[in-house]
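Asks: Here is what each chain is made of, one letter per residue.
Number of protein chains: 2
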Amino acid sequence: MSKKSAGTPISQYGEFGLIDYLTKNIQHKNESTIKGVGDDAAILDYKSKQIVVTTDLLLEGIHFNLMYVPLKHLGYKAVVVNLSDVYAMNAIPKQITVSIGISSKFTVEAIDEIYQGIYLACEKYNVDLVGGDTSSSLTGLTISITAIGEVEKGKVVYRNTAKENDLICVTGRLGAAFMGLQVLEREKEVFAKNPDLQPELDHYKTLLESQLKPEARKDIIEWFAKEKIIPTSMMDISDGLSSELIHICTQSKVGCKVFEERIPIDEVTAKMASEIHIEPLVAALNGGEDYELLFTCNISNHDKLKENAAISIIGHICEQEEGINIIGRAGNIIPVKAQGWNSLMDEK
Amino acid sequence: MSKKSAGTPISQYGEFGLIDYLTKNIQHKNESTIKGVGDDAAILDYKSKQIVVTTDLLLEGIHFNLMYVPLKHLGYKAVVVNLSDVYAMNAIPKQITVSIGISSKFTVEAIDEIYQGIYLACEKYNVDLVGGDTSSSLTGLTISITAIGEVEKGKVVYRNTAKENDLICVTGRLGAAFMGLQVLEREKEVFAKNPDLQPELDHYKTLLESQLKPEARKDIIEWFAKEKIIPTSMMDISDGLSSELIHICTQSKVGCKVFEERIPIDEVTAKMASEIHIEPLVAALNGGEDYELLFTCNISNHDKLKENAAISIIGHICEQEEGINIIGRAGNIIPVKAQGWNSLMDEK
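If you read the protein sequences in the order shown, they are chains A and B.
Its first residue numbered 0, the first sequence is counted upward by one per residue in numbering that gives the first Met the number 0.
Its first residue numbered 0, the second sequence is counted upward by one per residue in numbering that gives the first Met the number 0.
These aren't lab readings, by the way, just hints derived from the structure by calculation.
One should not assume that every hint holds.
No copy labels: a pair is met if it fits in one copy or bridges any two.
Stated by the list, open to error - Straight-line distance between alpha carbons at most 30 Å, and here's what the computed DSS-like set of lysine-lysine pairs gives:
no.	residue 1	residue 2
1	K305	K252
2	K192	K152
3	K152	K23
4	K104	K28
5	K303	K256
6	K28	K227
7	K305	K71
8	K34	K162
9	K23	K187
10	K34	K217
11	K336	K104
12	K23	K123
13	K34	K256
14	K23	K162
15	K192	K28
16	K46	K104
17	K336	K48
18	K23	K336
19	K28	K154
Remember, predicted model here, so these are calculated numbers, not experimental data.
Bound conformation, chain A alone (with noise of 0.2 Å):
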């Protein structure tokens, strides 16, 4: 298929030729998904289980940069980021819908591949695709996705059910996709100065992927369910680990320990982070995008939850009178502060 050179005006095919060609090859995955795309909704089958909704809006030039971010690592990400958030509630995702906003900029071609990058995490993920809208925009790219999802009644998993002395844990490393943006800035840099130099990425390649394709813990949910491991309560970092960290505490009105360096940044985030003159530590705690898990967990389940090598137990909970706390290595008190993604970008 021809990338951006000489492609298809989407005017070709007009609004219901396009979700025709999109959605020809769909075939649903999941016993729920009773009628997908192709009438006024989507009709699904839930039985005796309970609903799990979560929405995203993606908006070109805030969420996402078309310099650097390939179309269909975008219409995977899309996907993966509201899965997470499925996930994060103890639950399986089962159906997506997709809305696209799309100037005329863009061929039947680049559609094509934001779609190619939606259906391979509906494909990775189980997923079915049953609804959406394309319209045409005035302005920049817009993706919009609602995630549904299913969960076996009293699993489901809050943020406001941490209980004192529970042991908190994340899943993966900390900070990699946050890093993962720094290098594609830094490139970005690097290009307009002179577009002749080609760029030495391969070092970063597991920061780049984080930022550009990162993946929803759909293992830790099975791993919970495999081992009748329920969290008391769970949320998925997309702002960094202050930001929800403190979300957990403050709705769940208790305080916390974490201590430093108990907090996972594997080598590669350590070393982008030493050359550009940040603390591994900051970009662990306000760094964004990592799509990882924070949980919390009964001290019962301390030592299956040690065998896992996806997760870190981190710190404690404890009485919110002794406030939202990390510990850092020489002992001393840190307390966290709400940052976070979005006022970090601000601060640049």
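Start from chain A and add chain B according to the hints.
Replies: Okay, now just chain B, sitting in the frame of chain A:
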């Protein structure tokens, strides 16, 4: 509350503050709403009912023009057009999620007006706002709404199930919303030439209401339930009667005969149409955004349908080979062409 003058900049609240401010008064009206705004996702419980999901993306300059659409009306309409899709499945909407992208030119008061319209629609249609997203936008105003509803198994009405000899019915009167838009466009031009001239819009009040504050046909779906009528096929009229007749006939593999004289057009619509030299029939067939229902029904329901003043029987379904036709007042056969809202707009 002050409107455009001296408003509060959105930055004063921040993302989470703004969401808190906009959602602080929500009280759930439906048993199926277990958890709304405030976590990674909403939790719903539909027990044995099937779930209906539909979504729409509204973009400034494409779907609405802030020059003549009041923000409160915009919020109201954005909800109603989604609910209309749920009703068109013979279902009852129960929840919505709302994502809004706003540029910094908007004040908190302006966003508040949009939400006032959204909440007004929620109140009127007994729907809970359970989630969403508020984000800054570099470009225009973007509103994405997903509506979720319930329907008893076996009562869903699709588009592709019209049967030969079924009656074809529409609700309300057609073309009014399109004519309302023409009034607004005309006034905009008059205003551009002479800003001191006060518009005379009283004569066109019903047209403007149809365009700016349409209603979804909750009443008809409730009447179906009361009368134990299940249409054989149904959809809402968002792109114009022509386009929707083609959808139902093509997907159901049938043809139809619709009688021109039976297509309901009200006097004010006809008057405005003649003023701007458009055939009223063209406005009814190709004008969009009526949000009335087009449905087919077994002929055994004829007497009940006749009794409902909000319903017009406009024709009947025939064999596919006979085509999709309108029978003119003189008995002439007019083949129905796919034209619809968008293409009509492009011709101007």
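Asks: Each hint should be assessed against the structure and marked as holding or not.
Replies: Hints, one by one, checked against the model:
Taking the closest pair of Cα atoms, K305 and K252 come within 30 Å of each other only inside a single copy of the chain (26 Å); across copies the shortest separation is 60 Å, beyond that limit. With identical chains, the CA atoms of K192 and K152 are never at most 30 Å apart, being 57 Å at best within one copy and 62 Å at best between copies. Only between protomers do K152 and K23 lie at most 30 Å apart by alpha-carbon distance; the minimum there is 27 Å, versus 35 Å within a single protomer. For a Cα distance limit of 30 Å, the shortest separation of K104 from K28 qualifies neither inside one copy, at 34 Å, nor across copies, at 44 Å.
In this assembly of identical chains, K303 and K256 lie within 30 Å of each other by CA distance solely inside one copy; the values are 21 Å within and 69 Å between copies. Taking identical chains as interchangeable, the C-alpha atoms of K28 and K227 lie at most 30 Å apart only when both belong to the same chain, with a minimum of 26 Å there against 34 Å between chains. Taking the shortest Cα distances, K305 and K71 never come within 30 Å of each other, neither inside one copy (36 Å) nor across copies (53 Å). For the homomeric pair K34 and K162, the shortest alpha-carbon distance between copies (20 Å) is at most 30 Å, but the shortest distance inside one copy (41 Å) is not.
When the C-alpha separation of K23 and K187 is checked against a cutoff of 30 Å, the pair qualifies neither within a copy, at 37 Å, nor between copies, at 42 Å. With identical chains, the CA atoms of K34 and K217 are at most 30 Å apart both within one copy (25 Å) and between copies (22 Å). With identical chains, the CA atoms of K336 and K104 are at most 30 Å apart between copies only, with a shortest distance of 29 Å across copies and 42 Å within one. Taking the closest pair of Cα atoms, K23 and K123 come within 30 Å of each other only inside a single copy of the chain (19 Å); across copies the shortest separation is 37 Å, beyond that limit.
In this assembly of identical chains, the alpha carbons of K34 and K256 lie at most 30 Å apart only when taken from different copies (28 Å versus 48 Å within one copy). For a Cα distance limit of 30 Å, the shortest separation of K23 from K162 across copies, 25 Å, qualifies, whereas the shortest one inside one copy, 49 Å, does not. For the identical chains of this complex, K192 and K28 are neighbours neither inside a copy (48 Å) nor across copies (58 Å), given an alpha-carbon limit of 30 Å. Taking the shortest Cα distances, K46 and K104 never come within 30 Å of each other, neither inside one copy (44 Å) nor across copies (46 Å).
In this homomeric assembly, K336 and K48 never come within 30 Å of each other (Cα to Cα): the closest approach is 38 Å inside a single copy and 44 Å across copies. Taking CA atoms no more than 30 Å apart as the test, K23 paired with K336 passes between copies only; the shortest distance there is 24 Å, against 49 Å inside one copy. With identical chains, the CA atoms of K28 and K154 are at most 30 Å apart both within one copy (23 Å) and between copies (24 Å).
Checked against the numbered hints given earlier, the structure breaks hints 2, 4, 7, 9, 15, 16 and 17 and satisfies all the rest.
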